[in-house]
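Colleague: Residue-level listing of the chains:
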Amino acid sequence: MVPVLLILIPLVTGLVTFFFKDGRTAKSWALFSALATLVVSVLGLTVLKETKYLQFNREWLSALNSSFAVQLDGMGQLLCLLNAVAYPLVILSAWKNDYKNQNNFYALMLLAQAGMMGVFLATDALLFYFCWELALIPMYFLCSQWGGEKRIPVTFKFFIYTFVGSLLMLIGILYLQAHTKDHSFSWQSFIDLRLPANKQQWIFWLFFVAFAIKMPVFPLHTWQPDTYEQAPTATTMILSGVMVKMGLFGILRWLFPVMPFASFQWADFITPLSLCGAIYASLIAIRQDDLKRLVAYSSIAHIGLMCAAAFAQNESGFQGLMIQMFNHGINIIGLWIVVEITERQFGTRKISELGGIAQKAPVLAAFLVIIALANIALPLTNAFPGEFLMFNGIFSSVTVYHVWFTVMAGLSIIFGAIYTLNMIRKVFYGETIELTRAANDISMSEKLALGVIVLIIFVLGVYPQLMLNETAATASAVNEKFDFVRQTLLEQKK
Amino acid sequence: MGVTQILFWFLSVMAVFSALMVITSKNPVYSVLWLIATFFAISGHYILFNAQFLAIVNIIVYAGAIMVLFLFVIMLMNLNRETEPQKNRWLKMAGAAAGGCLLLVLVAALKDTDMKQQQALINKGNIGLIKILGKELFTTYVVPFEISSVLFLSAMIGAVVIGKKE
Amino acid sequence: MNTLLISAVLGVLMMFSGVLLKSRQVIRNLAIAGMAGLLLVNILELGGTTFFQINTRDMMAFDRFSLLFITVAIFSTLLYLVLSAKDMEKVGINYAEYFALLFFIVCGIVLVSSFKSLLILFLGVEIISIPLYILTGSDKRNLKSNEASLKYFLLGAFSTGLMLMGIALLYGSTGTFSTSFRLGPDVKPSALMIAGMLLLFFSMSFKVSLAPFHFWTPDVYDGAPTVFTSFMATIVKAAVFIGFIRLFNNAFGLMHGQWQLIAAIITAATLFIGNITAVFQQSVKRMLAYSSIAQAGFMMLSLYALSAEAYEGLLLYTVAYSLATIGIFAVLIKMNDYTFSGFNGFARYHPLLAATTTVFLLSLAGIPLTSGFLSKFYMLKITLASGKGMWLAVFAVFMAAVSVYYYFRVIQAMYFKEGDDPKIQVTTTFKWTLVVLAALVILLGVFPNLLLYWVYF
Amino acid sequence: MPVNYYIFLAIALFSIGIVGVLTRRNAIIIFMCIELMLNAVNLMLVAFSKMHHAKALAADAATTVGTDGQLFVFFIMVVAAAEVSVGLAIIVMMYRNIHSVDVNFLNRLKH
Amino acid sequence: MYFLSIDWWLILEKALLIFGIVGLSFFIAMYTTYAERKVAAWLQDRRGPNRAGPFGIFQPLADGGKLFFKEEIIPLASNKALFILGPALAMITALLTSTVIPWAAPFHTKSGGVIPMQVADVDMGILLVFGIVSVGVYGIMIGGWASNNKFSLMAAIRGASQMVSYELPMGLALIAVLFMTGSLKMSVIVQHQIEHGWNIMYQLLGFIIFFVCALAECNRTPFDLPEAENELNFGYHQEYSSMKLGFYLFAEYINMFISSAVMATVYFGGYDIPFVNEASWGLSSFWMTFISFSVLMAKTCFFLFVFLWIRWTIPRFRYDQLMNLGWKKLIPLALLNMIITAAVMLWLKK
Amino acid sequence: MSVRLTNRSVEVNRKPMTFLESIYLWNILKGMGITISHLFKKKATINYPEQKRSFSKVFRGLHVLNRDAEGRENCTACGLCAVACPAEAITMEAAERLPGEEHLYREEKYAAKYEINMLRCIFCGLCEEACPKDAIYLSQTFAPANYGRKGFIYKKEDLLIPHPVNEKEAYEKALGNKAAKNSYTKTNNSPFGDRVWE
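Protein chains in written order, with this note's numbering: chain A, 418 to 911; chain B, 4 to 169; chain C, 45 to 501; chain D, 29 to 139; chain E, 56 to 405; chain F, 4 to 201.
Hints listed in this document are in silico derivations from the structure and should not be mistaken for laboratory results.
We treat Cβ as the ideally placed atom computed from N, Cα and C, and that holds for glycine.
A portion of the hints provided could be inaccurate.
To be verified - In silico lysine to aspartate or glutamate, EDC-like type, Cα no more than 20 Å apart, as pairs:
hint, chain 1, residue 1, chain 2, residue 2
1, B, K29, D, D130
2, B, K167, C, E133
3, B, K127, E, D100
4, F, K55, E, D100
5, C, K378, C, E133
Said to hold, decoys possible - These stretches of chain E come out as covered by chain F in the derived footprint (C-beta under 8 Å, 3 or more residues):
hint, segment
6, 101 to 111
7, 360 to 368
This is chain A alone, in the form it adopts within the complex:
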């Protein structure tokens, strides 16, 4: 029941929101809906932790052998929580913004949430695909309608990229479905399929391209900075905080268990690619003058790292990845909120035009520093355990280049520290300038949002076990697949 609610609440409320005439009511309604989703997801993770509540399977599209199968399991639960947590934060932080046609804005936001929830919950490939697209379309409209000046072509690029990817994935899904025994789309039968290794190659790429575009991994990333820059900040938060995780999640849920051989064989190709991407993005971020673009490139860098950790294909890496997905989401949303506040106050995002905000807005500065430090994974912040585990994973992966990979990953972290700290220094410290002299501190709702984020940062930083417990089982389950692969390959070599 829980997973259904998680999808239905935002979906239904989102559709209802379209019909509100008054923007403020819509806003409140959206917040209410987001909170309700949050409550349900928290309940699902805590009180109702019995499988019968966490699973749901209903006949749907029976002619296609597909069903409405959703499940709140180890892989998805953290991301669902992230999704649920992110929305109230985003809405709170945007409380002061008055968008044109607010009802439509929030309606689309909620629809996107429903889509993303579906992605994280679906155990039916077709449903997964549906939700994947359902998350995309509202985003397209959000960005094109409320974005910056160049929004239309930029968003369109984003859309086409993602759409091509998802259609390729659709072919993959169809191919797999055609080869399953019961011709069903269910996750389980996909896993049971056990395609021979040589047939996995093609299909692997069909899926991976889709996920890689979404994440995005290095050569396919070009849509991302532009989109982040042009999209309204609230949307950007969702995009970077939650949506990019869809790609990583897809790898974990649909790629690795279903096509372990191909995943294993291509790991040596993909890991350096993603790490290169991470370094490259970090370098660009250092040179960036636009706050939004800086955060965007930082996001690429982090995602690259996570992708590399995923393709390390060991337990540590998976666990780190899962934790980091959640934490990165929280952190990046925090960063965006700060950027949003800054931009709203000063009307610019140029680092070179800003400076000394900390004097006028000490609370904001404090929050920012904490979030930024979390972003570069200082110990005692939430990102630390995740990154640590990921490093561990990369280092202990079976590939012969594992040292090199670790070094590259480390480089990206260092660069990350450089640009983050640089940004803090330039924007918040130093002398106030003309523009920032009149700055006010942040409002109540923003305080609330940032406060919650900081709270999460610290709680999870101090007590990571909370998440490690949740993810351990899943990580080992995925790892088992690769153990099997490694064994098989070893046997073949002999």
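For this one, chain A is given, so just place chains B, C, D, E and F on it according to the hints.
Modeller: Chains B, C, D, E and F in isolation, oriented as in the chain A frame:
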């Protein structure tokens, strides 16, 4: 070579020659007349087949009705050699080449079939007579027959819609 | 059989109504009522109630599939009439005649979707074509309309010639016009048969405008009065496609392997040309014409795969495609400016129309939860299920992504650009029908079982 | 006569028709060439009908095999007549407007 | 095409017959021109030609001679080949029609052979007549067009469209007859009438329609619009002179003759003498043939007279009236006639 | 409504024709009845060169210049006829009679030239009435056809009546016409004359 053969070759040559004249005549009226000649040659073939009904229907429908309409239109438009538009030479050659290729391909494809042994019945067989055709038409083929009436109706309406002055 | 006879009678009725009735309103309502009645009798026949017991001597077969498609076609036509019948007034004075011709076309649709003899196929195609030539040219003062009509006519007649040659060659090799000769897969077909089959293939490709036989389509669709383009590009096209697959499944199904490659090449070419050229269009109408070519390419996948599911998929595709395109055209007809920029700011002045149009466009683009997605999904699925079509599926997907580009240009224009009020007036009925149409598109996307439940053969 | 001869004759006429369609610019002549193509088909159908008849005649003297071919020809003629009426109406309409039947003028839609 | 495989005697016999019929056609046509003028005169209280020979009986010969010796003019701007083809076609088609008419009762030779007095008793019979008549249009059209003269062209087009239009009701009217006889063969039609009574008794309406159409087909008054002098000068043969003109004029009269013969054959029992059973007279076959031939000729002449009579009674129709009559009156009537005939026959069969 | 002057006018019937009327059959039959009845009527024409119709008694034909019984010309060229002529068809030139010409001209003045343009002449007979000398009168013959216009300008030689002495027979014949005309009687009062065949 019997009379039939002679007639066959005569009609065939006439048909092909007239058909060639249709597409090579500069003057559209000549084209129409040559086409009528072709139709007559084809009707002649039908008679050789003892397909009398088709032969006469071919003359009535094609030569007597359709080509008259063509002639009407051409005469009223006063198209003659001078006003007749001509494609440029290369396009013409390309078109001719394309058609020739089609001919060659089809002939080549159909040359080696078992059709060589098959004979088309000449002068004999009474399936072309109106009695048998009529019976068949109004029993087995009555549904298509009625359907073709719908076709005619729509063509009629069409001619009215297009032709009526507003 | 119900539909065939009654639609013919209704056609005649409409023909006389122009003489007997003065009010266009009444004529229109009569036509709509007639179409609704037609739908009813067809559904009755689907349920097993036939009013006429006519022995067609095995020339036609009203099986489930054909009846279902006819139902779909008539239903779409009904929606089309409700939406656009009023706009026919603008075309010319022969108002009642247009309806008569539409009813005759429905006759033809019934024929091509239920034929078992090549004769019926031929007659059906002609009954569809001849009224269409006329409807295309019905805007007599408009040179574009004239030109489109002439072009359509000449090429249509030409392709009919090819088709007849094909039929003749087939007859030579089989001695029958029935499509059920079904040569076994291991029998080597004679040269006559292969030549005949190819000619039939090409001519049918002409009729459904597959590349490289598509060149007439954009011009004709563009030149024809938009009301009729809507009908031509949707229901008629779907019907001929049904005829196409019926022919090739019934007659050449067992030789499938021998022509599959041609089908694949033509499919790929159609997808490519349709999509790529659509991108460069400035007029929405012309874009839709090219998009119809592209969509035909997708439909061709069913012919490529040729399985039982292909039938289902094609049916679904025709429904999805027809509904969405009819909807878009219904809005387009109202517009004064057919270019993309004509849609600028449309959403501000007509939010409802814009929203429904968006739904239709999304459906055409194949976005999930619309019927368009499901149909594309089906096509890809059968292609993959046939085991060989991986490259074709991937290609199709890329082309679908290209199609998103031009479909979304309209959405962009409507929502994200500023423009003047296009000053169009629509009735409440129109709006509600559009809403129903959009709801149908989504409903079929979410619950395709509503339709697929009926599809079993 | 061997039916081969008729096949070739019909194909020759058919090809001539196609060449005409491809090489001429006058819409009416193109249309006439299409009619020529139809006639080639008719001839072929009749030849085939007689061929099948001859085959069946060997087994059964009272057979009516082959009538279908001739009736098909009949239907083709019928349809051709209908087509001509519409086609010429269209051509005349065109002529009324632009005073030409040159298909090269059919390029308004390109712009 | 059975007659390809037949013996030479038959060919000789047919050749004789053909010559006879062609000669007869010419003769009748010639004297119809004479009759035309005479009847016209009589109906207008005049005397008519009476200079050449007794009662002017050699008048047609003189006319023919005049036409032969007149100067042949072919306009410079005309299309020469077609200009010559036109009258030739008109003449040929006019003559061809006579092939299927049974001119008399079959002649029984002493050796027991039967010589039908019919050139070809083809299966298509009456349809052949239609085919040839429909081709007859070309003579007019080609001639009119080739003259390169507006009036000729207009007249030619008028004439052709008139002929095409009136062929329809004509055919429809005939179908009712064919219902009754069940064959297209002319000999069968005649035989049927001998046995069951003349068709005119059952098909009065059909006959009237057929007759009106025959008038139009022959371009006779009141439907002689191709020659409407006040509008078109001299019609489609405006530019013709000498024997080409003669051909056109002759063709018209031959057409009249043949259509009269067809009417007599189809509706009036052909060579049958009404109310008597001539077989019981016991005359020799030669006399029977001769008498039956005379009977047919008498009927034909009567119709020819009616043609002339109508010409000198009824004024010419306007063109729209002509078309209205054909399409809106005659065709519905012919259809009605056809349906009623069919219904009655069905009813009788029950 | 206009006033009806006579009873002969009939209102035009503008009712649209019924279907039966519009196929004209009955009316055509009536018409044919009328024409066929003429077939049997007496013919109104005559075989002209062989048979001729007589002129009416008041017929005015070609002019004749008269002579007296001795053959002398009556005309004195007084010009009254030219004056009276409404069509101005008559021209003349007068001349003095020379000695020795008494046998030619009755008076001492005569017309040296006397021309009548027959293309102008309307045969009204006013010249005849105007002539004081009874010199010109209209006969019962008409002008024969001619190839040129000039041929219709009749000179004096063409007009003069034959000499009663020298050409007695011709004179008698020419006179006969006049005689017949002069012997006009009441029995023949039809303006078109009786159908008397010569």
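Colleague: Each hint: holds or not?
Modeller: Each hint tested on the structure:
no.: 1; hint: B/K29 to D/D130; result: holds (14 Å)
no.: 2; hint: B/K167 to C/E133; result: holds (16 Å)
no.: 3; hint: B/K127 to E/D100; result: violated (60 Å)
no.: 4; hint: F/K55 to E/D100; result: holds (18 Å)
no.: 5; hint: C/K378 to C/E133; result: holds (12 Å)
no.: 6; hint: 101 to 111; result: holds (count 3)
no.: 7; hint: 360 to 368; result: holds (count 4)
Violated hint for the displayed structure: number 3, the only one.
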